[in-house]
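Asker: Spelled out, the chains give:
Number of protein chains: 2
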Amino acid sequence: MPSKPAAPITIDAVYAAPGYLFRRMQQIAVSIFMEECKAFDLTPVQYAALIAIHTHPGIDATRLSAVIAFDRSTLGSVIERLQAKDYIERKPAPEDKRIKLLYLTKSGAAILREIIPAVERAQARILEPLKPTERKTLMGLLVQLVDLNNEASRVPLRAEDALEHLGKAG
Amino acid sequence: MPSKPAAPITIDAVYAAPGYLFRRMQQIAVSIFMEECKAFDLTPVQYAALIAIHTHPGIDATRLSAVIAFDRSTLGSVIERLQAKDYIERKPAPEDKRIKLLYLTKSGAAILREIIPAVERAQARILEPLKPTERKTLMGLLVQLVDLNNEASRVPLRAEDALEHLGKAG
DNA sequence: CCTAGATCGTCAGTATACTGTCAATCAACA
DNA sequence: TGTTGATTGACAGTATACTGACGATCTAGG
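Each protein sequence line maps, in turn, to chains F and A.
Mapping of the first sequence onto the working numbering: residues 1 to 170, in sequence order.
Mapping of the second sequence onto the working numbering: residues 1001 to 1170, in sequence order.
Keep in mind that the hints are not guaranteed to be accurate.
[Unchecked claim] Straight-line C-alpha distance at most 27 Å; calculated BS3-like pairs for lysine-lysine: (1) F/Lys131 - A/Lys1085; (2) A/Lys1100 - A/Lys1085; (3) F/Lys136 - A/Lys1100; (4) F/Lys38 - F/Lys106; (5) F/Lys85 - F/Lys38; (6) A/Lys1038 - A/Lys1106; (7) F/Lys97 - F/Lys85; (8) F/Lys136 - A/Lys1136; (9) A/Lys1097 - A/Lys1085; (10) A/Lys1038 - F/Lys131; (11) A/Lys1038 - A/Lys1085; (12) A/Lys1106 - A/Lys1131.
[Said to hold, decoys possible] Some chain A residues judged to face chain F by a derived CB distance under 8 Å, without partners named: (13) Ala1017; (14) Pro1018; (15) Phe1022; (16) Ile1032; (17) Ile1051; (18) Val1067; (19) Ile1115; (20) Pro1117; (21) Ile1126; (22) Thr1133; (23) Thr1137; (24) Val1143; (25) Val1146; (26) Asn1149.
Simulated from the structure, these hints should not be mistaken for lab results.
For each residue, glycine too, the CB sits at the ideal point set by N, CA and C.
Please put together the full structure from these sequences, using the hints given.
Answerer: This is the structure:
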C-alpha cells in the first residue's frame, strides 16, 4: 500500500480539525445560552460562577477559579461585574488578610432560581439536532475527553482539592 | 412513575452541561495548539485565516469571515495583526472601492508550510486520550452537530456562497 | 524572630468574540 | 437619474481568556 500523499493545504482540513469544531461549538453554545437567557443579563461564565458560589458559600476567588476551571485573572473582572449587579458580596477573611470570601446576596440567590429553566432549555437546545442515543454518546465522550485532558489546560479543574479550606468533605 | 424531583442547584449540574464542556474543550484545544506552535507566533484564529486566504486568494474580509465562520468585527483586528507580521497584504479592488482584497505574502506562504506539522500534532494531541474508534465517533457527531446548529451561531459558515464572487466553482 | 518561598488579589498587555453604529460606496428600482 | 436600501470596512463598548508581573501577606525553616 503506497503511503498517503501529503494533504494539500486547504481550508477543508480546518473544517475537519477538532480544534476548529470545538471553537465553533463553543460559539454556538454561547449564542444559544445568551438567546435563552437574554431576560437575565447573565453570561455563561457569570452563571457558572454564581452556581459555584451558591454551592460553596465563603469560597475565595482563587479556589473558585479552580472549581470552575476558569482563569484566575479573568475571574477578577467577572467577580467585579457580579458584585456591581449586587448578585454577590465580598467579605474579608479575619484569619487571612489576603483573602476575600464570596457570598451570594438575596438578589443573586433569586436570579439563580429564576434562570435555571432558561439554562436548561439552552443546554437542551445545543444537543437538540442529535438523536437521543447520539446525545448520550457525545456527552459521554466529551466528559471523558475533558477529564483526560484536564492537565493540558492552564487551569485544571480541582473540584475536590479546592474545598479543603472550607472544612467540608470534598 | 413519580416525576423526577427538581435537581438541586449545584455546580455538578454545570460539570455535565454541554455548554460548559464545550468551553473547557475549546480552552484545552487552544492551549495544546499554542504549545505545539509556540515557535511560530500564530494563534489558531490567525492560522485559520491564513489557510483560508491561501485557499481563496483575493478574498475580501467579509467573505473571509463567512468562510471560517468568524465574527466580521473580530476579523478586522486579526487581519491587521497578520498584516503587521507581513504574512498577508491588502490590495484595493478596482471595481469596488469598499473592498480590500487579501493575499498571502511569501512570508505568509512560507510560515504556513512550516507550521502544518505542528498543527497536525496539536489536533492529534487533542483527541489522543480517546481510543481510535471513540475519536471517529466523537468527530462524526461533532461535525454533525456543528453543521446542524450552523444557523444558531451569529456567523453561520457559508463555505460555498462566499466564493461566488471569485468566479470559481464552490 | 526572621527570612525564603508560596499564595492572594490585582494589574498591564495582548487576542478573541459579540453588539451596535457609522460613513463611504454600491446596486436596484421608480 | 435620483433616491432607497444593502454592503463594506471601521469603530466603540463590553466580556472572556491567557501571560507575566507586582505588592501584600502568610507559612516554614533555621
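Asker: None of the hints should be skipped; say for each whether it holds.
Answerer: Comparing the hints with the structure gives:
Taken as a hint, the F/Lys131 and A/Lys1085 pair is broken in the structure, with Cα atoms around 45 Å apart against an allowance of 27 Å. A distance of roughly 18 Å separates the Cα atoms of A/Lys1100 and A/Lys1085; the hinted pair therefore holds under the 27 Å criterion. Under the criterion of a C-alpha separation no larger than 27 Å, the hint pairing F/Lys136 with A/Lys1100 is inconsistent with the structure, at around 46 Å. Restraint check for F/Lys38 and F/Lys106: the C-alpha separation of about 21 Å stays at or below 27 Å, so the hint holds.
A distance of roughly 15 Å separates the Cα atoms of F/Lys85 and F/Lys38; the hinted pair therefore holds under the 27 Å criterion. For the hint pairing A/Lys1038 with A/Lys1106, the CA-to-CA distance comes to about 21 Å; that is within 27 Å, so the pair holds. Distance restraint check for F/Lys97 and F/Lys85: the Cα-Cα separation of roughly 25 Å lies within the 27 Å cut-off, and the hinted pair is therefore satisfied. For the hint pairing F/Lys136 with A/Lys1136, the CA-to-CA distance comes to about 16 Å; that is within 27 Å, so the pair holds.
In summary, the hint linking A/Lys1097 to A/Lys1085 is supported, as the alpha carbons are separated by about 25 Å, within the 27 Å threshold. The hinted pair formed by A/Lys1038 and F/Lys131 fails the criterion: a straight-line CA distance of about 39 Å is larger than 27 Å. Annotation: proposed proximity of A/Lys1038 to A/Lys1085 holds, straight-line Cα distance about 15 Å (limit 27 Å). Taking the CA atoms of A/Lys1106 and A/Lys1131, the gap is near 40 Å; set against the 27 Å cutoff, the hint is violated.
Here the hint on A/Ala1017 is kept, as its CB sits about 5 Å from the closest CB of chain F, short of 8 Å. Checking A/Pro1018 against chain F by beta carbon gives a least distance of about 5 Å; that is within 8 Å, so the hint holds. With its C-beta approaching chain F no nearer than about 5 Å, A/Phe1022 sits inside the 8 Å limit, and its interface hint holds. With a least beta-carbon distance of about 6 Å to chain F, the hint placing A/Ile1032 at the interface is held under the 8 Å criterion.
At a threshold of 8 Å, the smallest CB-CB gap from A/Ile1051 to chain F is about 5 Å, leaving the interface hint in force. Look at A/Val1067: its Cβ gets to within about 6 Å of chain F, closer than 8 Å, so that hint holds up. A least Cβ separation of about 10 Å between A/Ile1115 and chain F goes past the 8 Å threshold, and the interface hint is therefore violated. Checking A/Pro1117 against chain F: minimum C-beta separation of about 10 Å lies over 8 Å; hint violated.
Hint status for A/Ile1126 relative to chain F: holds, with the closest Cβ pair at about 5 Å, below 8 Å. The beta carbon of A/Thr1133 comes no nearer than 10 Å to any beta carbon in chain F, farther than 8 Å, and the hint placing it at the interface is violated. Evaluation of the A/Thr1137 hint against chain F yields a held restraint, the C-beta minimum of about 6 Å falling below 8 Å. Given the 8 Å rule on beta carbons, the hint for A/Val1143 holds: about 7 Å separates it from the nearest Cβ of chain F.
The interface hint given for A/Val1146 is met, as the beta carbon of that residue sits about 5 Å from the closest beta carbon of chain F, less than 8 Å. The beta carbon of A/Asn1149 is positioned within 8 Å of a beta carbon in chain F (closest approach about 5 Å), and the interface hint is therefore held.
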